[in-house]
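Q: So the protein sequences, as listed, match chains B and E.
The first sequence begins at 12 in the numbering used here and counts up one residue at a time.
The second sequence begins at 12 in the numbering used here and counts up one residue at a time.
None of these hints come from the bench; they were simulated from the model.
Predicted model, so just to flag it, every value in this text is computed and none were measured.
Be careful, since some hints might not be right.
The list makes no distinction among identical chains, and a pair is therefore deemed to hold if it is satisfied within one copy or across any two copies.
Computed list of lysine to any residue pairs in SDA-like fashion (alpha-carbon distance at most 25 Å, straight line) [said to hold, decoys possible]:
| # | residue 1 | residue 2 |
| --- | --- | --- |
| 1 | Lys152 | Ala254 |
| 2 | Lys187 | Ala254 |
| 3 | Lys152 | Glu212 |
| 4 | Lys187 | Gly14 |
| 5 | Lys152 | Thr34 |
Read off the chains here:
Number of protein chains: 2
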Amino acid sequence: MTGRLDIVGLGPGAEAMVTPEVTAALEQATDVVGYIPYVARIAARPGLTLHPSDNRVELDRARHALEMALQGQRVVVVSSGDPGVFAMASAVFEALEGWPEAQALPISVLPGITAMLAAAAALGAPLGHDFACINLSDNLKPWALIERRLRLAAEADLAMAFYNPRSASRPQGFEKTLEVLRASCGDNRLISFARAVSTPEQALLTVTLGEARPEMADMRTVVILGNSATRRVGNFVYTPRFAG
Amino acid sequence: MTGRLDIVGLGPGAEAMVTPEVTAALEQATDVVGYIPYVARIAARPGLTLHPSDNRVELDRARHALEMALQGQRVVVVSSGDPGVFAMASAVFEALEGWPEAQALPISVLPGITAMLAAAAALGAPLGHDFACINLSDNLKPWALIERRLRLAAEADLAMAFYNPRSASRPQGFEKTLEVLRASCGDNRLISFARAVSTPEQALLTVTLGEARPEMADMRTVVILGNSATRRVGNFVYTPRFAG
Chain B
12 MTGRLDIVGL GPGAEAMVTP EVTAALEQAT DVVGYIPYVA RIAARPGLTL
62 HPSDNRVELD RARHALEMAL QGQRVVVVSS GDPGVFAMAS AVFEALEGWP
112 EAQALPISVL PGITAMLAAA AALGAPLGHD FACINLSDNL KPWALIERRL
162 RLAAEADLAM AFYNPRSASR PQGFEKTLEV LRASCGDNRL ISFARAVSTP
212 EQALLTVTLG EARPEMADMR TVVILGNSAT RRVGNFVYTP RFAG
Chain E
12 MTGRLDIVGL GPGAEAMVTP EVTAALEQAT DVVGYIPYVA RIAARPGLTL
62 HPSDNRVELD RARHALEMAL QGQRVVVVSS GDPGVFAMAS AVFEALEGWP
112 EAQALPISVL PGITAMLAAA AALGAPLGHD FACINLSDNL KPWALIERRL
162 RLAAEADLAM AFYNPRSASR PQGFEKTLEV LRASCGDNRL ISFARAVSTP
212 EQALLTVTLG EARPEMADMR TVVILGNSAT RRVGNFVYTP RFAG
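Okay, chain B solo, but in the shape it has when bound (with noise of 0.2 Å):
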C-alpha cells in the first residue's frame, strides 16, 4: 500500500461550507492529524486513527504526518478555514526541507472556506476590492514588521483582514494594532469584528475606528477592516468595485 498526505481545510465551521473534496478525503483517511478543537470535528469511525495535538507545534505534528505517510497510511492533515492561509500546509512544505522520501510522497492540498471570505460573506463585501491579508500573531514574525505593513497596507488604501488579532498572551497587541490603525485611516474608518462565523456562536460588529476597543476582539475573532471608500447599505458592509 503506498501512502499518502492530503492537507485539507474544513472552513470556519459549518459543515456545510466544507467542500465535498475535502469530505471524501477524510472518508478515505487512516489518520487524521491537527490541533485538537480541529480533529475534534472529525467523526470517529472503524480504521480511522484520530491524533489530535496542541498548538504551537505545527512542525512535529507535520513531521508525524509524514512518516505516517512513508509507512503507507492515507493521511490527513486538518486546518480550519484553508490549510494555506496561516495554517498547516506551510509547515508540511517547511518540514519536507532536506527529506528527498517525504518529497517523493503524493502530496495534495486541498483548499478551503478561510475565515476571511466567510467573515466577508457574513457581512456583506468589504473584501470587494483589493485588500490584505494579515497575521497579527508576534509569534511568527517581529511587532516592528506588522507595524511597517499596517502602515504601507493603509497608505495603498487596500482593505485588510487580520487573523489571529488578539491572545491571552499579548493583550496589548491589538490595542497597538488600532493605533496605528487611527493613526493611519482616520476615526471614521469602518472595522467590522466577526467572531466565531458560520457557527451558532456567530456574532457580528461593525464600528468606526474611533469607536473600536481591543475587547471587541478574540482568538476566535476575525477583524476587517474597510478601505477609504468602505461603507454601508442596509445592514451590510461593502467596498465598492471602482477606486480612484
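Following the hints, complete the assembly by docking chain E onto the known chain B.
A: Just chain E now, with coordinates in the frame of chain B:
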C-alpha cells in the same frame, strides 16, 4: 411567497469544490443570474429559469436579480470563485443603494473557494504568510493606483495574488506590472502562473521574475508572486510561516 436573493460562489471550476450550502441554494432556486460561462455550469431543470448575461453589465444584472426577488422569486446570483472577491457581491450591494424595498429583502452571501486559494493549493502554499490580493483590471481603477499599490505591497514584503492579469483590451498592462515588480523585488523573486485551476485544463508554471513574460498569463490565469522568503521544495512552492 416571499422572495430572496443568495449571492453564491461556484469555486474555481471543479464540482468537488462547490460547498454543500451553495449546492442547496441552487437546488431551491427559481432563477439563476450571472455571467454566461458561470450560468453555463448550472444544470437545467423544471422550475428553474437561467438568466445568463454578458460581461461588464454587473450592475444591470444585480438590479434584475433584485427585481425578481422583490416579485417573490428565489433568485441565486452566481459568481466563479468567491462572490466577495472581485465578483458579484459588491455589485449587488451597490444596486441596493437608495432602494429601501430591496434592502428589506432576505439577502445572503454564500462564500466559495476563490481562485487564489485554489491556485495556492495546487502550487503548494505560496500564500502561507501575509499577502495582498490585487485586481489588475484597469476597468475598475486607474493604472497609477495599481502601480502605487504594487510598489507599496512590495515595500511591505507581502506576497501578492493577482486577478485579471491580462485581457485582449489591455495587452500592455501586465507587461507594466512585471516591470514594476522587477524594479521593486528583483529578478530572482518567484512568480507562479496558475491557469484554469481545478479544471481538466489546469496548467501551473513557476519561474523567476527575470524569466516571467506577459504571455504566461491570460484571463483564466491567477498569478501569485512570492515574498522575499518564498522558495521551492520538491515540486512545490511555499512561503514560510516565520519572517523577520
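Q: Which numbered conditions among the earlier hints are violated in the structure presented, ordered from lowest to highest?
A: 3, 4 and 5
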